[in-house]
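Could you build the full structure based on these sequences and the hints that come with them?
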Amino acid sequence: MAEAIKNIDSIDSSMAQLLVRGLDPELVRKLKMRAAENGVSAEEEHRRILQEALVLNENREFADFLMSMPDVGEDSDFERPREFPREVEL
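Letter 37 of the sequence shown, counting from 1, is numbered 1453 in our numbering, and no numbers are missing.
Derived from the structure by calculation, the hints contain no laboratory data.
The beta carbon of each residue, even a glycine, is placed where N, CA and C say it ideally should be.
You can trust all of the hints, since none of them are fake.
Label-pair ranges, simulated between beta-carbon atoms:
1) E1460 with S1484: 16 to 24 Å
2) E1460 with E1490: 30 to 38 Å
3) L1506 with N1454: 50 to 58 Å
4) R1496 with N1454: 35 to 43 Å
5) R1445 with P1501: 41 to 49 Å
6) F1478 with Q1433: 32 to 40 Å
7) R1496 with M1431: 47 to 55 Å
Next comes the structure, spelled out in structure tokens:
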């Protein structure tokens, strides 16, 4: 493990490349679609995803995380029914 960490530290980060094999073709299609929607190449979209996942969130406040969640509906959409539980026979 220590050897692997030492090797990671020796990578020339100015020229680093990442090759990912064995990806599901559907995942690649979705990456390309997302890149097209954002007007960038698939490679740039991949960089952005990695940046967001590994760097930008390191020091993120929990409140900021909550505020970044998409607005997916009204509060009433998530209310729990106040009905009595149904009878269950065992």
